[in-house]
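2 protein chains.
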Amino acid sequence: MSQTKRQLHLNLFIMSTGHHEASWRHPDASPHMATSIEYYQKLAQTAERGKMDSIFLAEKYRLPKSIQHRVIPQMEAFTLLSAIAAVTKRIGLTATASTTYNEPYHIARKFASLDHISGGRAGWNIVTSTGDATARNFSREEHMDHRARYDRGREFVEVVKRLWDSWQEDSLVIDKESGIYADLGKIQAADFKGEHFSVRGALNIPRSPQTYPVLVQAGSSEDGKEFAAELAEVVFTVQHTLEDAIAFYADVKNRARKYGRSAEQIKILPGFIPYVGDTEAEARDKERELNELSVSAYGIQCLSDTLQKDMSKYPLDGPVPLDELPSVHEIKGQQARFQLYVDLARRENLTIRELIIRTAGGRGHFTFAGTPVQIADVLEKWFRSGAADGFNLMPPLLPVGLDDFVTKVIPELQNRGIYRTEYEGRTLREHLGVDVESLHQKV
Amino acid sequence: MSQTKRQLHLNLFIMSTGHHEASWRHPDASPHMATSIEYYQKLAQTAERGKMDSIFLAEKYRLPKSIQHRVIPQMEAFTLLSAIAAVTKRIGLTATASTTYNEPYHIARKFASLDHISGGRAGWNIVTSTGDATARNFSREEHMDHRARYDRGREFVEVVKRLWDSWQEDSLVIDKESGIYADLGKIQAADFKGEHFSVRGALNIPRSPQTYPVLVQAGSSEDGKEFAAELAEVVFTVQHTLEDAIAFYADVKNRARKYGRSAEQIKILPGFIPYVGDTEAEARDKERELNELSVSAYGIQCLSDTLQKDMSKYPLDGPVPLDELPSVHEIKGQQARFQLYVDLARRENLTIRELIIRTAGGRGHFTFAGTPVQIADVLEKWFRSGAADGFNLMPPLLPVGLDDFVTKVIPELQNRGIYRTEYEGRTLREHLGVDVESLHQKV
Numbered sequence: 001m002s003q004t005k006r007q008l009h010l011n012l013f014i015m016s017t018g019h020h021e022a023s024w025r026h027p028d029a030s031p032h033m034a035t036s037i038e039y040y041q042k043l044a045q046t047a048e049r050g051k052m053d054s055i056f057l058a059e060k061y062r063l064p065k066s067i068q069h070r071v072i073p074q075m076e077a078f079t080l081l082s083a084i085a086a087v088t089k090r091i092g093l094t095a096t097a098s099t100t101y102n103e104p105y106h107i108a109r110k111f112a113s114l115d116h117i118s119g120g121r122a123g124w125n126i127v128t129s130t131g132d133a134t135a136r137n138f139s140r141e142e143h144m145d146h147r148a149r150y151d152r153g154r155e156f157v158e159v160v161k162r163l164w165d166s167w168q169e170d171s172l173v174i175d176k177e178s179g180i181y182a183d184l185g186k187i188q189a190a191d192f193k194g195e196h197f198s199v200r201g202a203l204n205i206p207r208s209p210q211t212y213p214v215l216v217q218a219g220s221s222e223d224g225k226e227f228a229a230e231l232a233e234v235v236f237t238v239q240h241t242l243e244d245a246i247a248f249y250a251d252v253k254n255r256a257r258k259y260g261r262s263a264e265q266i267k268i269l270p271g272f273i274p275y276v277g278d279t280e281a282e283a284r285d286k287e288r289e290l291n292e293l294s295v296s297a298y299g300i301q302c303l304s305d306t307l308q309k310d311m312s313k314y315p316l317d318g319p320v321p322l323d324e325l326p327s328v329h330e331i332k333g334q335q336a337r338f339q340l341y342v343d344l345a346r347r348e349n350l351t352i353r354e355l356i357i358r359t360a361g362g363r364g365h366f367t368f369a370g371t372p373v374q375i376a377d378v379l380e381k382w383f384r385s386g387a388a389d390g391f392n393l394m395p396p397l398l399p400v401g402l403d404d405f406v407t408k409v410i411p412e413l414q415n416r417g418i419y420r421t422e423y424e425g426r427t428l429r430e431h432l433g434v435d436v437e438s439l440h441q442k443v
Numbered sequence: 001m002s003q004t005k006r007q008l009h010l011n012l013f014i015m016s017t018g019h020h021e022a023s024w025r026h027p028d029a030s031p032h033m034a035t036s037i038e039y040y041q042k043l044a045q046t047a048e049r050g051k052m053d054s055i056f057l058a059e060k061y062r063l064p065k066s067i068q069h070r071v072i073p074q075m076e077a078f079t080l081l082s083a084i085a086a087v088t089k090r091i092g093l094t095a096t097a098s099t100t101y102n103e104p105y106h107i108a109r110k111f112a113s114l115d116h117i118s119g120g121r122a123g124w125n126i127v128t129s130t131g132d133a134t135a136r137n138f139s140r141e142e143h144m145d146h147r148a149r150y151d152r153g154r155e156f157v158e159v160v161k162r163l164w165d166s167w168q169e170d171s172l173v174i175d176k177e178s179g180i181y182a183d184l185g186k187i188q189a190a191d192f193k194g195e196h197f198s199v200r201g202a203l204n205i206p207r208s209p210q211t212y213p214v215l216v217q218a219g220s221s222e223d224g225k226e227f228a229a230e231l232a233e234v235v236f237t238v239q240h241t242l243e244d245a246i247a248f249y250a251d252v253k254n255r256a257r258k259y260g261r262s263a264e265q266i267k268i269l270p271g272f273i274p275y276v277g278d279t280e281a282e283a284r285d286k287e288r289e290l291n292e293l294s295v296s297a298y299g300i301q302c303l304s305d306t307l308q309k310d311m312s313k314y315p316l317d318g319p320v321p322l323d324e325l326p327s328v329h330e331i332k333g334q335q336a337r338f339q340l341y342v343d344l345a346r347r348e349n350l351t352i353r354e355l356i357i358r359t360a361g362g363r364g365h366f367t368f369a370g371t372p373v374q375i376a377d378v379l380e381k382w383f384r385s386g387a388a389d390g391f392n393l394m395p396p397l398l399p400v401g402l403d404d405f406v407t408k409v410i411p412e413l414q415n416r417g418i419y420r421t422e423y424e425g426r427t428l429r430e431h432l433g434v435d436v437e438s439l440h441q442k443v
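Just so you know, the sequences run in chain order L and E.
Under UniProt numbering, the first residue of the first sequence is numbered 1, with each subsequent residue one higher.
Under UniProt numbering, the first residue of the second sequence is numbered 1, with each subsequent residue one higher.
What the hints contain is simulated information worked out from the structure, not anything from laboratory work.
Check before you lean on any hint, since a few could be wrong.
Same chains, same names: a pair is fine if it fits in one copy or spans any two.
[Said to hold, decoys possible] Okay, derived cross-link-like pairs now, PhoX-like style, lysine-lysine, Cα gap no bigger than 25 Å in a straight line:
{"no.": "1", "residue 1": "K5", "residue 2": "K408"}
{"no.": "2", "residue 1": "K89", "residue 2": "K42"}
{"no.": "3", "residue 1": "K193", "residue 2": "K176"}
Extracted from the complex, chain L is given alone in its bound form (with noise of 0.2 Å):
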């Protein structure tokens, strides 16, 4: 039976020992795992059990200098994912890929080759990455700027749509008394050429069971919000306050429209950062011995990297020197980050000590400590009150936040009636509700 009713969506965000920066120190944790695929499997499928629609992890093409203090994520995705996808059934497998330091025939033939393997269940978050320290992994000295990247980015998606849908659902023949195994007039070159890419085609995979993963977007800057509204399926978003969420839900679901698509089609998942506990009071003692373990060497290096100055020359118990700050349209990369940090310390007139503590479990995200009750009432408020169409989960400390989020909320939350208690589809547009004919309408 189909359900009818408008269900919340849950992904999980794998980071490593969890999404604190000092949750590796936790004694729960085990930060030897990182390299193991033994331990990514087991979240897949603890976030099964827990009927979530997907797990997405995040990837970078370089090495921060963080390292020394605390867990990055490890492990290229696609090997990761693939390796998961060989030990589940029904949960989706978000890969994040960069347009800018990858090549539209490789990208495409990846995700055919995740969503032929898993049974379709792969998603593409798609990023344009940051920072010069990037770039000069890739032979270049400077990272491009901010709207270069995102009209490279725009054209790479075009790309990876032509060659995803080079091979028609019936260009397979597989004759095998006339001796034909494909139908030459049934597969079509790419042909594209445009002012970064020229690519001739065909994909030299059929088509996957999706045709395209779920596309998947993150940047909240103006240029990112314009390309989500455009071409994202799915938007991961940071989002503090109800307000401000309900304000970015409309904006971006108006902002699709613009572009001839259904609001249902693009679904709002703010990061959400969940401290459970039996009792609020032990939720609380959780958030606060996780960030009694950060270590504030660390947390001034990585505000000095966002805000992009040196905050070590500044008194840590002073002010945020907002003045001296350089300006949003200066920062390379994450520019959304940048002004979300810039506005919580302008809002709450944060010292610096301040803003690391209340950035550092989990750079600037939705965080909530609070019993299973508690947590259920906010995600069903933020739920209806049109702020999001379900939320991208954070937890803290893994395993073991995760495990008490699927044993302990997800329950309330399926008591509601707001949240599956069991897969209906196979894939994840199925799980999703969204539908790769309506990306191929507006085009």
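Following the hints, complete the assembly by docking chain E onto the known chain L.
This is chain E only, laid out in the frame that chain L set:
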């Protein structure tokens, strides 16, 4: 107890429904399974039951028109091998990756990740790709010439080695107490600036079990042999006769010595296409049956591709027009294969039809039909005559050709004491007896 006796190595070269171009038309073939992960997982598990060193997959970044008449290798190598890693324990996993159309930073990450996921079973078949059709999928007009490709390839390998070496074995401190995760003093940037690449490094994945995947090479041109002698630990090669194989074997091992390498550290594995029958007649019937399934239009097309001359303009039963072919130096791509075909046609004075049939079963690789004892005799003879350290097994029809080999030929090799009855090591390097230190010493 460690074996000291020299052992024969076997690599399974997996090719969709088999290496015979018409294999997919055979009643026992399952061409619908070419994008099914279960199909490949089962093949790998069978090879693992046969205690083979590794499985290997070719990979191309373009779709040839010949897909009309045959199953072209499909699925992307890393996603495929990673999903296979998840259901196997010991067998090596060798992926093909081109140095012409990739970035070293990505390739270094992928292999490090696959090596972690598989517990040290990764191998890298280093290729430089072929043909302008590939170039046109990567925003280039034409393929780089032979020499330039190998120059770039050499530099590429140097960069990825530096990246794999950027982490020492004890770079990870993981001291929860002090909050030190990694020792920055023990992570070294690649700091590479060459003609083709400039890569700052370091890698963002800690040192993997094998440090480097086993390096494999298959070029048999002059440039290819030098490249192999300098860098490869396993060489796949096309050899028709015992004499040629002995000469090639000695040639590559001598060249390796020139680079200060031990001859034992480079394993030569000629391709071998077995038709296994309980009687010799049955084996020959199997071969004839497949040859009769060949589509002649397809054979002409493939031959035209290899010879880079349109063969459809010549009479099928007339001689191969040797005088009208381009010279080997004009061939873009597989020069060694071109030379092999020309030599074969000249030596045996073949018609076009005859040359097509001779190469249909495996693109010129050594083919042998016989009983398990006869096959073991041939393999043993090559192995003991200094023609081979083992073989790159290319079953003409899959999975049955592999099943036959594993259940009938392998026990025969084991009885002769030249092939393992159980894995002794865990990593592909241990299976092959090649060590990463010897690669380091020579630099």
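Check each numbered hint against the structure and report the violated ones by number, ascending.
-> Of the numbered hints, just 3 does not hold.
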